[in-house]
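Letter by letter, the sequence shown follows residues 1 to 321 in my numbering.
Note that these hints are calculated values from the structure, not bench results.
Every value quoted in this text rests on a predicted model; they were computed, and no experiment measured them.
One or more hints might be untrue.
[Claimed, not checked] Restricting the straight-line Cα-Cα distance to at most 27 Å, the calculated cross-link-like pairs of lysine-lysine (BS3-like) are: (1) Lys214 to Lys104; (2) Lys104 to Lys131; (3) Lys213 to Lys104; (4) Lys214 to Lys131.
[Unchecked claim] The calculated label-pair distances, taken between Cβ atoms and stated as ranges, are: (5) Thr15 to Gly195: 34 to 44 Å; (6) Asp73 to Ile165: 53 to 63 Å; (7) Ala265 to Asp199: 50 to 60 Å; (8) Glu246 to Leu303: 50 to 60 Å; (9) Ser169 to Lys214: 15 to 25 Å; (10) Gly206 to Lys131: 48 to 58 Å; (11) Leu303 to Ile243: 52 to 62 Å.
Virtual Cβ for every residue (Gly too), placed ideally from N, Cα, C.
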Amino acid sequence: MTTDFYTWHVQGDGTARLLPLSDETPCAGPVWVHLNYAQPEAQEWIRSQVDLDSTVQDTLLAGVTRPRALILDQGLLLTLRGINHNPGQEPDDMIGIRLWITPKLIISTHLRTLRAVNTLQRDMETNNAPKDAGQFVTRLVELLNDNMLDTIEEIDELTGNYEKIMLISEDVEPVSDRDLADLRTMILTLRRYLGPQRDALLTVIGSHLIWMKKGPIQRLREAENRLTRYLEVLDASRDQMRIIQEQLQTRSNNELNKQLTFLTALSAIFLPLTFITGLFGVNIDGIPGNQGHPWAFSIFALLLGALGAVLIYLFKRARLF
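Hey, can you work out the whole structure from these sequences and the hints?
Below is the structure:
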């Protein structure tokens, strides 16, 4: 099942029991309370928890969060992001989850459905639940990484295909600008969140929390290493995209230069023809006061030559050529 409100009591042996949301929780733990922070009931319940620091309450109810980890005594305030697999939405529109984790209590809040949380909930239902808070954190991080794999591989494959198309095709623009822009936007958005998320994992790994045992820490190190590989793929794809765009720009410039060269050649052919026809088509005798003057055409040609020499001098002085 997938709901906006539920409370699971983790028994410590892989089993879990669904409880009603209330102010009273069992002595044995941990208890996982998952809420939709946009619901008034969830906001009221979180604000009523006097043991929660105001920073924790504000973060759990925040509309926009960035991945980070904050240690408060023996509690862990953790905000993470996951790939958006909801129908009709873009994967890079990443979904945030906010968590406050202690050995006895886990509070998580969300707005949109997150596949990793749904998987955790199914684990609770099938008696495959994490045994403690440390395993809960590790399991959630691993699920977030698992759900990123297909998107990361798709980005890597698309980038490689675009690069091959550039090498094979002789078209000026073998790949549309829209496709390139969409892919680059996805890469930059994922990179924006996954970088801080890796830093948050490093903070948890080095936190020395008593309830984070050696096994979960080792798994978190592996999860952080996997996330680092994702970032390396994104960085490589980003660099490839930059090279592809530079190649497209070079091809476009070369095509423009070819067209300009063709137009220049046409101008070079027709300019002297136009000059000659224009010069010999001048009706000198038709100018008032010049009828019958024998040197009229020669004087006109000399004036044109002098004007041309002045223009050449001025252009050279202005370093136009």
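Going through the hints against the structure:
no.: 1; hint: Lys214 to Lys104; in the structure: holds (19 Å)
no.: 2; hint: Lys104 to Lys131; in the structure: holds (11 Å)
no.: 3; hint: Lys213 to Lys104; in the structure: holds (15 Å)
no.: 4; hint: Lys214 to Lys131; in the structure: holds (14 Å)
no.: 5; hint: Thr15 to Gly195: 34 to 44 Å; in the structure: holds (37 Å)
no.: 6; hint: Asp73 to Ile165: 53 to 63 Å; in the structure: holds (55 Å)
no.: 7; hint: Ala265 to Asp199: 50 to 60 Å; in the structure: holds (59 Å)
no.: 8; hint: Glu246 to Leu303: 50 to 60 Å; in the structure: holds (51 Å)
no.: 9; hint: Ser169 to Lys214: 15 to 25 Å; in the structure: violated (54 Å)
no.: 10; hint: Gly206 to Lys131: 48 to 58 Å; in the structure: violated (23 Å)
no.: 11; hint: Leu303 to Ile243: 52 to 62 Å; in the structure: holds (57 Å)
The structure is inconsistent with the numbered hints 9, 10, although it conforms to all the rest.
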